[in-house]
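Novice: Okay, here's what each chain looks like letter by letter:
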Amino acid sequence: MERKEKMNLDLTASLRQHFGFTAFRPGQEATLTRILNGQDTLAILPTGAGKSLLYQLPAYHLTGTILVISPLIALMQDQADRIARQGDYRAVVLNSTVEMHDQAALLETLGDYRFIFTSPETLARGPVLGALRQLKIALLVVDEAHCISEWGPNFRPEYLTLKNARQALKPGVTLLLTATAPPQIAQDILTKMAMAPEQVATVRQSVNRANLFLAVHPVADPLAKQHYLQALLPRLGGPGVIYFSSRKQATAMANWLEQTTSLQVAAYHAGLEPVVRYRLQTQFMQNQVDVICATSAFGMGIDKNDIRYVIHYHMPAGLAAYTQEIGRAGRDGQPALALLLYAPGDESLPELLTQTELPAPAVLEEVMAGRVAPTVLGPKADVINFYLHHGVTPQQLQQLMAQQSRLAQQRINEMLGYVMTTACRRQYLLHAFGEKPIEQALCCDRHQSNWQPQELGLGAVKTFATVERSYNWRQQLAHFFAC
Amino acid sequence: MSYLLTLFDKTPRRIRVVEGILQAKRTVTNLFWGQCYGLLPYLGADRHLKRATYDTWLQSQAAKGNLLIDQQMAWLTPQGLSVKQAWQTEHYQPQFGQWTWLANWQQLANRVLLALQLVSEYRHHNRRFAPLPVSFKDKVAVRQWFLQQSSLIGQELLKELTSYLTALEKADPRLADLFVFQLIGHETAGWTEAEAARRLAVARQDLFWMERDMWLFLAHSLWQQTGTLAALVQPLLAPSPLPKSVQTTVEAWQRGYSLAEISRFRHLKIGTVREHLLQATILVPEQVPVMKVLPPQIVARFAEQYQGSALTWQFQAQTNDPGLEFFYFRLLQIKAAQTVGKEGEDEFGSHR
Ligand SMILES: [Zn+2]
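Protein chains in written order, with the working numbering: chain A, 694 to 1176; chain B, 118 to 469.
Since the hints were derived computationally from the structure, they do not count as laboratory data.
Heads up, the beta-carbon is just placed ideally off N, CA and C, and yes, glycines get one too.
Hints are supplied without guarantee of correctness; some may be wrong.
These stretches of chain A come out as covered by chain B in the derived footprint (C-beta under 8 Å, 3 or more residues) [what the hints assert, rightly or not]: (1) 777-785; (2) 814-826; (3) 973-985; (4) 1000-1012; (5) 1170-1176.
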């Protein structure tokens, strides 16, 4: 007991000293206490709970390397950047975007870095695992741990190799991180990692975000969405994010809104050059941009607390993805809006994206024998190929894939249920995640069908658009170099 | 994509040549026709251009009535020509493409941006910042460069950049503004794209060409110079418009070796050695006195055989060594086109 209190005291001091915060966000302290006591932990924390702190703070109290496994290759650099910004430790990214000869050079200097970010695919490569085994891994972090479960929406078979990697690396302590995991998936994560449930502590936070007002706006067709946004956005204040399921549409809408409103609007997607993405993120952080039209690539690297709204132009493929994305609004605890635009038939897009025809057994046999390239297997080629090379028979695979299609359809139906429900949307969400109902004043459009931005406490903030300063390159350059 | 229309003209152009030029595919055919069309300043201007994107664009222009396409050639209709002219008056026109051979400007930009960010943060005594996500190679280069600098690095860079920007401002004041207001450093991430377009009163898609110009201008002003910035980017600057292997062939030839001898000791096919010389004739004509290569009787025979504009000559083999004969033919054609054509002349690295 005494020991625990002492630990708490140290943690808060450490938080203040190294990060400048005075209080932990929900779930952080419980997780950190367990990790620093050497307890393997599964932390289920909705976004906004400050995941990165959970592996950044231990660096000040543990000796050894901190290895973070993440499936989000495009965003790894952002995570490493955040550590660089913190300034005390060096962080490095090791994944398929690093060129081969650069990787070889990096492997020789891995010991210079306190933080190593890598993907399961890269980790599975012999030389990489070999180099990591030379280090003392103090903390192994598996980010997006739900990707290991076939029951979840983001299953990635390469995560199944993490069990072996963990056994090879023998980390001091293991932290499994996820934003959403209903009980059966939480259990499946531990099974797939070969970790005994009684030896793993679970820290779970509610998916409910009390300061988010939940709303759905049904429209007749896509054009109506466009005009609704044009009218609504100037009344919402900023900053905000609008999610799209295609890069093309995100870009087109950003241009259109920029031209037809007085707002500063930019498009963000994984197809942009890294320097361009960096610039855009920084401009958004520094409030030079009011609205970002983004694909799901946007968000993870953004530690912006004052996002006032998250709007979905297209319906996401499930509630897990949806709650993660709306969780980026209102991290400062101030009122924020989670709005979904729905036109009849919108569900057909996620259906199209998730349903895959499984190739005939004969084709699978050909791929297995190496006579046909795995690319004939279509968009799920990676998953199928992985199974085929890990002792799953074509017949078993047929069943597995059929089951995954059913699960995907179930998730879409659940999402559609959120759109269609005539009852409280918050209760619908909580129920779906196996949580108890919560009642609150400002809740959702089912209680307040004619909601207005001002009533929600939105729109008070000025948008950044209009201030035009004069500029002069000579002055700016002198200021840039502090000369 | 609309700028593509400006790369076509009333007279037919080879669609694969235009595409190859943009993608920096330096075959003799692409370079020769690219020079005839005056398109060498666009070499490598769109390295990632996809065939499907390009072909779709061609079809869409044909459907709109701007372009006629026949047998891998395309040319502007009168309507297409006026669309092109309207575009040229309403949009920023690239000015410094003649230096495109100096560097891959995007890599140059990444390296310089990271270096300037580092110095800006250093000068503001800030060590907590995220470095720009450039390649590992560029990060290493910048770190090594930075370690060699003195504590006066801020003042030195300010001086060097001011002199570069003053020259750039004379060429086009918008480019100097754009350069400074896209720097990333202490508490600044530059203008947003929309802001830049608004302040400089240009269209958003023009910014790409303006950026390319300002970096090429920088590359040119640092080429074969010494100084703080030059030390950083020198390894990225090409010493000549010719690739290294081509340069080696040309130098051997200038020292008096025959093409057959060069082929032998460089272990290259004779066809490759000839291609090298043809590339050089196109890109650095003053280094290759063609008349020294061409036997006088060939020149005389060709003068009878091929008449009219060099661009319309059709090669017809008359000897039992068509490879050699075509080499002579192409050499003469390049020369003829260079003396006659105004467009392509001296556009591409034939000075300095
Ligand atoms: Zn409600």
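Novice: Could you run down the list of hints and mark each one as holding or not?
Specialist: Tested hints:
1. 777-785: holds (count 4)
2. 814-826: violated (count 0)
3. 973-985: With 6 residues closer than 8 Å to chain B, the stretch 973-985 of chain A meets the three-residue bar; holds.
4. 1000-1012: violated (count 0)
5. 1170-1176: holds (count 6)
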